[in-house]
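Numbering (the working numbering), first residue to last: 29 to 201.
Be aware that a few hints might be false.
[Said to hold, decoys possible] Here are the computed lysine-lysine pairs in the BS3-like style, where the Cα-Cα straight-line distance is at most 27 Å:
no., residue 1, residue 2
1, Lys-108, Lys-157
2, Lys-129, Lys-94
3, Lys-91, Lys-122
4, Lys-187, Lys-129
5, Lys-94, Lys-187
6, Lys-75, Lys-157
7, Lys-122, Lys-187
8, Lys-187, Lys-157
9, Lys-187, Lys-108
10, Lys-108, Lys-122
11, Lys-129, Lys-91
12, Lys-122, Lys-157
13, Lys-75, Lys-108
14, Lys-122, Lys-94
Since the hints were made in silico from the structure, they are not lab data.
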Amino acid sequence: MHSKLSSSRNMFDYCLHVFSTFCNNQFGLCRRLRDAKALDDDDTSIKSSSGPARTHDTLTNTKPLKVGPRVVHTEQFLCKGGVDTGRLLDLSRKGLFATAKEMGGNILLDEQWDCSIRHPGLQKNHEFKVIIRYSATVARSFFPDVQRPVGIEAARGVKGLMTILDRHAELYC
Numbered sequence: 029m030h031s032k033l034s035s036s037r038n039m040f041d042y043c044l045h046v047f048s049t050f051c052n053n054q055f056g057l058c059r060r061l062r063d064a065k066a067l068d069d070d071d072t073s074i075k076s077s078s079g080p081a082r083t084h085d086t087l088t089n090t091k092p093l094k095v096g097p098r099v100v101h102t103e104q105f106l107c108k109g110g111v112d113t114g115r116l117l118d119l120s121r122k123g124l125f126a127t128a129k130e131m132g133g134n135i136l137l138d139e140q141w142d143c144s145i146r147h148p149g150l151q152k153n154h155e156f157k158v159i160i161r162y163s164a165t166v167a168r169s170f171f172p173d174v175q176r177p178v179g180i181e182a183a184r185g186v187k188g189l190m191t192i193l194d195r196h197a198e199l200y201c
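Build out the structure end to end from the sequences listed, making use of the hints.
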C-alpha cells in the first residue's frame, strides 16, 4: 500500500511539474508575442497624422448652409515597391467626398487623418500594409470643396515606385 501511495505521489508531483512547465512556457510565449507586437508598432511602423481636426483655410471663414454628421472612412492598401502617402490620402479623401455627396453634402469640414505603414521587414517582396483613417464633417455650402487632404505636408511614406496591389474601404457614421 505504501508503494502505491508513494508512486501516486510521484505521479502527482511529475504531473504538477509538467503542468507548471507548460504554463510557464505559455506565459513566456504570450509575453514574447506582446513584446513583438509592441516592437512592431513602434520600431517597424511608419506613422503620420494631420494633427487635430481642421478645415482648409479657404473654407474657414465661410458659413455652411447645412452641417451634417461626422463620417470616418478607413482604407487598407497593400502596396509594393514604395508608399506615396500623399497619393493614398488623396484616394481616401475622394472616397470620403463621394460618400459626402451621396449624403447631400458638397464640402468637408474639420478634416483629420492618420496613417500607419507596416515596414517591409515583416512583409515579403517589399510589400507594405497601409491603413489610412480619414474623418470629416459633411456640410453643404455655396463655396466649392478644396479637393485635397489637409496637412498633407505631414505625410510620411516610403521611397520607391508604388504599385497598389489591393484596396479595402470601410465607412462609419
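Results for each hint:
no., hint, result
1, Lys-108 with Lys-157, "9 Å, holds"
2, Lys-129 with Lys-94, "13 Å, holds"
3, Lys-91 with Lys-122, "23 Å, holds"
4, Lys-187 with Lys-129, "34 Å, violated"
5, Lys-94 with Lys-187, "41 Å, violated"
6, Lys-75 with Lys-157, "12 Å, holds"
7, Lys-122 with Lys-187, "23 Å, holds"
8, Lys-187 with Lys-157, "15 Å, holds"
9, Lys-187 with Lys-108, "11 Å, holds"
10, Lys-108 with Lys-122, "22 Å, holds"
11, Lys-129 with Lys-91, "18 Å, holds"
12, Lys-122 with Lys-157, "20 Å, holds"
13, Lys-75 with Lys-108, "18 Å, holds"
14, Lys-122 with Lys-94, "20 Å, holds"
The earlier numbered hints that this structure contradicts are 4 and 5.
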